[in-house]
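There are 2 protein chains.
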Amino acid sequence: MAITFQAPKGTRDFYPSDMAVRRYIEDIWRKVSIRHGFQEVDGPTFELLDLYKIKSGDEIVSQLFSFTDRGERKLALRPEFTPTLARMVAEKAAGLPRPIKWFSIPRCYRAEQPQKGRLREFIQWNVDFIGEASDRADRQCLAVCVDALLECGLTASDIRIGWNHRELLTKALTSTFVAPDRVSNAYYVLDRLQKYDLAARNALYQEQQCTPQEREHFESFARAFGVPGGNPVGIGDFAGNWPADVLKSIQVFELRLADTGLAELCRFDLSVVRGLAYYTGFVFEVMDAQGQNRAIAGGGRYDQLIEMFGGPAMPAVGFGMGDVVLEILLRERHKLPEKLMPVADVFVINALEDSAVADQLITQLRRSQWNAAHSVIIRPGLNVQTSYRGTRNIGKLLQEASGSGARIALILAPEEAGRGMLKLKNLADRSEMEIALSAVINRVHEILTK
Amino acid sequence: MAITFQAPKGTRDFYPSDMAVRRYIEDIWRKVSIRHGFQEVDGPTFELLDLYKIKSGDEIVSQLFSFTDRGERKLALRPEFTPTLARMVAEKAAGLPRPIKWFSIPRCYRAEQPQKGRLREFIQWNVDFIGEASDRADRQCLAVCVDALLECGLTASDIRIGWNHRELLTKALTSTFVAPDRVSNAYYVLDRLQKYDLAARNALYQEQQCTPQEREHFESFARAFGVPGGNPVGIGDFAGNWPADVLKSIQVFELRLADTGLAELCRFDLSVVRGLAYYTGFVFEVMDAQGQNRAIAGGGRYDQLIEMFGGPAMPAVGFGMGDVVLEILLRERHKLPEKLMPVADVFVINALEDSAVADQLITQLRRSQWNAAHSVIIRPGLNVQTSYRGTRNIGKLLQEASGSGARIALILAPEEAGRGMLKLKNLADRSEMEIALSAVINRVHEILTK
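Residue numbers (this note's numbering), protein chains in the order written: chain R, 1 to 450; chain B, 1 to 450.
Dumping the calculated DSS-like pairs for lysine-lysine here, alpha-carbon to alpha-carbon at most 25 Å: (1) Lys74(B) <-> Lys92(B); (2) Lys74(R) <-> Lys74(B); (3) Lys9(R) <-> Lys92(B); (4) Lys9(R) <-> Lys74(R); (5) Lys339(B) <-> Lys92(R); (6) Lys339(R) <-> Lys31(B); (7) Lys74(R) <-> Lys53(R); (8) Lys9(B) <-> Lys55(R); (9) Lys31(B) <-> Lys31(R); (10) Lys9(B) <-> Lys92(R); (11) Lys9(B) <-> Lys74(R); (12) Lys92(B) <-> Lys116(R); (13) Lys9(R) <-> Lys55(B); (14) Lys74(R) <-> Lys55(R); (15) Lys53(R) <-> Lys9(B); (16) Lys248(R) <-> Lys171(R); (17) Lys31(R) <-> Lys339(B); (18) Lys92(R) <-> Lys116(B); (19) Lys339(R) <-> Lys92(B); (20) Lys53(B) <-> Lys9(R); (21) Lys74(B) <-> Lys9(R).
Residues of chain R clear of chain B, computed beta-carbon distances all greater than 10 Å: (22) Leu193; (23) Val227; (24) Asn426.
Below, a sample of chain B positions facing chain R; criterion: calculated Cβ distance under 8 Å: (25) Arg35; (26) Gly37; (27) Gln39; (28) Asp69; (29) Ala90; (30) Ala344; (31) Asn383.
None of these hints come from the bench; they were simulated from the model. In this text the structure is predicted, and so the values were computed from the model without any measurement. For every residue, glycine included, the Cβ atom is placed at its ideal position computed from N, Cα and C.
The whole structure should be built from the sequences, with the hints applied where relevant.
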């Protein structure tokens, strides 16, 4: 008895209709990246295990799928692209034209328990702008992200983008209630406030040895932050105590976001802190405006990372967007186009006894972009389909032709073929005409380009 | 001191120019598959280790990168796509429309010693036609393969395709010198004749317990086969002894190949046996016509495989083509287009003190396909680039604009901007004009669509 197998836990099979959705999303990512002047890169699917410890420490190892090669080197499937990016930049930094504007669409892997929106294998769009320290690069990254979301049909009622700035926030914190040597503790706490209830927060304060004054301030943040996905948290109550230059910088950045067409979706949001320790300035997060799903994308400035991987000191900003949550959101909001699968241009119906003429015709149609003699041909090779049912019943074959999505059916039948002719049926308007075999390619292209 | 890392042995980093080549090849594979009516699919990058033993036995395990997940399940990175394909078909066979015409472009992995044309990580195009037993499906697969190679610019002086047919060959062998119970031994020997010298062949005959009569026949094959990549081996000397119906079938298939436009590149070739045990009928191999590289692609009919994976009995035929050897060949024969990287449409030069106007303009140009009010706009969002050099020297910025490949430079300078105008420079013909900021989007699209 044959054993039946399934896809491993946390992975996906992409049947044609699933693949069409994946291609739709990937094509938008690629198209938008390119029109913003980013160039595509990729790296190996696995790296030396140690590469992943540089940024994330030893704790990352338990979340990796790791293995050894024949040379007993320890390798791991990539959980994210940033370490590969940093390695690639560090390796060739001297020879790369600046600024470096790269994007990639790698498959990534996490050895975690699968949940809604979080799988063991997923695809993550990465956009990184390296070598430019100004906030123009921050806004450029944000603009690519927003354009892709708009291109997917998402609007302000679907998504909300919160931004923050670690450098500005650090200034505000240290000028109000956080001692300079307590900044990293403060970020550790801030990142958790929204997810923890009061008891958990108290334990957190204890663990981080917070002063009574710190506790008091964090609790006022916690009240403002509310629950994840709630309203954006402006400076509001805190503004009175914040340094004027910090407030001014936030205001200027908001104005510039408006110039870049981003004001409608993006708001300063104090609750967006981003957990990762390596962010150094601007940070942002794309959230479900209805608060039901995990974060859709997130990123920020990481000016010290390239150096950590052995490269020169290079400012950098970037973000990642996974396919899993985005696809869930697009399905929930009915934003996926109905017809994503490629359809046939032409369906050839062969009611002749022999396949020779049909085979020749199909081949010519599929290769027809190479026919340079006919200046009317402006479309590349046609998508041509035919039946494998072994029937010569034209009625049944016309049904199959309609199902293929083709706009044109070409019918090879004995009577017409004897006169060097065939029947062309326009499946859109149901009109029919008889046309010479020798003229069919041009006629088909004319109809399709109308 | 920072440690520097490199890509793991046998894997590749894809910097922008490498990625452009990869995309060029993948796009041709995808485009050609679709116009032949195949639908794209994909599966997980890793499967349960046992899945790979079904087709290839326990020996495959040493060639796999394998690991365990948290549930102690044994997993392996896919060395090829066929087991995933067979699993996916077997799992949903009842619900899939027939015939099943699928293609995929997966990354695959082999834990082998890397060599020229053979890496540990590679990309393999797979095309499979399932549910159709006739030789129309065989030719359909061959036609997709040939069309992709033609689309890459390869000709009969670059590649040669040999085909053979296991069922016909088995008939010929058993009607001449091979006993029915010795057929699999005969294939084992035939597959190795071309690669072995006389001493190795003698050892092979001994190992396979060949009769003197078998040895004699195999030696005459070996003389005909010559060296790998030599001339195609027709039936020639053997024809006299072969059954008439076998000879007739070969002749008929050759005629049909001509109808499908494949005669120029494809020849019956007795030396193409294909090592894998699971082929049941038609087999073919694409070779470097100058004999320098490994096989470029290969495949054939495997009518029993779906059943081995727990599915219903379903005839099937397919082939695989890797990216590594193809890319080597395209480079060696100078067939890669010179310009593969996407280039800018428009380069915006900002010589104003403030970035607001430039930012607005860039955003409008990139999103300009959403501006439905202007019917002249037929191109989607433009590829717009700008400088990050922090200079307002127009001469230097024009140099950068030329380097970007853009056809148009838009120059924002104080004098013109004060009058609501900007300068448009056509970088192709060096002409310049002044135009109103409000009219620029239409004008740019007009120039680009000329």
